[in-house]
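Participant: Residues -23 to -1, 1 to 319 (mature numbering (1 follows the signal peptide of the UniProt record, and there is no 0)) are what the sequence shown spells out, left to right.
If you are wondering where the hints come from, they were derived from the structure by calculation, not from laboratory data. Ideal Cβ positions, reconstructed from N, Cα and C, are used throughout, including at glycine. Fair warning: there could be bad hints in the mix.
What the hints assert, rightly or not - In silico lysine-lysine, DSSO-like type, Cα no more than 30 Å apart, as pairs:
#1 LYS295 - LYS272
#2 LYS178 - LYS189
#3 LYS189 - LYS272
#4 LYS178 - LYS295
#5 LYS272 - LYS178
#6 LYS189 - LYS295
To be verified - Here are the in silico distance ranges between beta carbons for each label pair:
#7 ASP106 - LEU77: 19 to 27 Å
#8 ASP317 - TYR291: 21 to 29 Å
#9 ARG26 - ARG159: 40 to 48 Å
#10 LYS295 - ARG26: 34 to 42 Å
#11 ALA201 - ASP243: 47 to 55 Å
#12 ALA87 - TYR291: 34 to 42 Å
#13 LEU313 - HIS269: 41 to 49 Å
#14 ASN67 - SER105: 21 to 29 Å
#15 VAL297 - HIS269: 25 to 33 Å
#16 ARG286 - ALA15: 29 to 37 Å
#17 GLY268 - GLY160: 34 to 42 Å
#18 PRO27 - TRP270: 33 to 41 Å
#19 GLY50 - TYR293: 31 to 39 Å
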Amino acid sequence: MAPRSRHHHRLHLLFLLVALAHADVSHSGAEVDAACAAANRTGGAASHRPDRLTVLVSGYSERRLPLLRAVAGAYAAHPLVLAVVVLWCNPSTPDRVLLLRGGGFPPRVALRRAGSASLNSRFLPRPSDIRTAAVAVADDDVLPDADALSFAFATWQQQQQPAVAGPLVGFFPRSHHLDLARGRWAYTAAQPGRYSMVLTKFMVLGTDLLYKYSCSPELAALRAVVDRERNCEDILMNFVAAEESGLGPVLVEAGGIRDWGDPRNDVNAGDSEDGGAAMKDVGLSATGGLGHWEKRGECITEFHRLLGRMPLRYSYGKVVEAAVGEQGLCSKGGRLVRCDQE
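Sequences and hints are given; from them, build the entire structure.
Facilitator: In structure tokens form, the structure reads like this:
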């Protein structure tokens, strides 16, 4: 190819990529506008069922579809779960692959394709799918057992007060602190006895918080940070929940939680049900190593700057069903054990 032709070819590819990026943002914006308008028409979560739970599970990796199907089916079989919504966030997946690989999804599981790969889509209000006052937002590689799920939901119910949003409830804590030497916020593992966030690996929250997160004009610039970084949607939801409730999250310990994505799993552990090497696939978030923690600290700093205030609140202690330690279950040496067990 002649140099001039190669130059025009590169320009064409550049323009095509820019056009696709703008189309993706436009599609996502239309989806958000439609969801917010529909939520306005339904009048919020006041009439939603307080005694049942809707589970929202996000998926992206085609190799993990068999695991996603099994996880969604397990949630659907729980007596407290009214509905399970699988949100597929990989726009390049053909319908035939999504619907046929692994035999499709079980009854009571609704499959919804996101309009884009935006992590913000995890928190769209979705009034046609959600008829409960609470939702559980979960990753596709985490599954609490029946007792753990029931206890988390019961804890969320106990935290509710009239006309006031309740705090987030979850199993996986994180924290933040001010790095005085660098003049910015740092994102850290939960400090001894203190934490300020719970992760979307699994969290229970009030349905009204979905509307606040997705539809508040004040948060538009913060949602744009999530899209730009392909990360930090869970941190932003912790900002939103703390702002609305004035409280930090609630950490719960109960039962066991199978965590296929925990790096402490054996590298080649797992049969076809466990997903094996598929757990190493890149999902929605841009993650990996120390850079992941650094990036999330930058998100906290940027959210604080854009919002003009720091709503995150520290929580102390946890709600425990029984005397349990590490909750995560990993595959090691061919056995399913606590992830902290050597």
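Participant: Could you tell me which of the numbered hints above are not met by this structure, giving the numbers in increasing order?
Facilitator: Result: hints 10, 11, 13 and 17 break, sorted rising.
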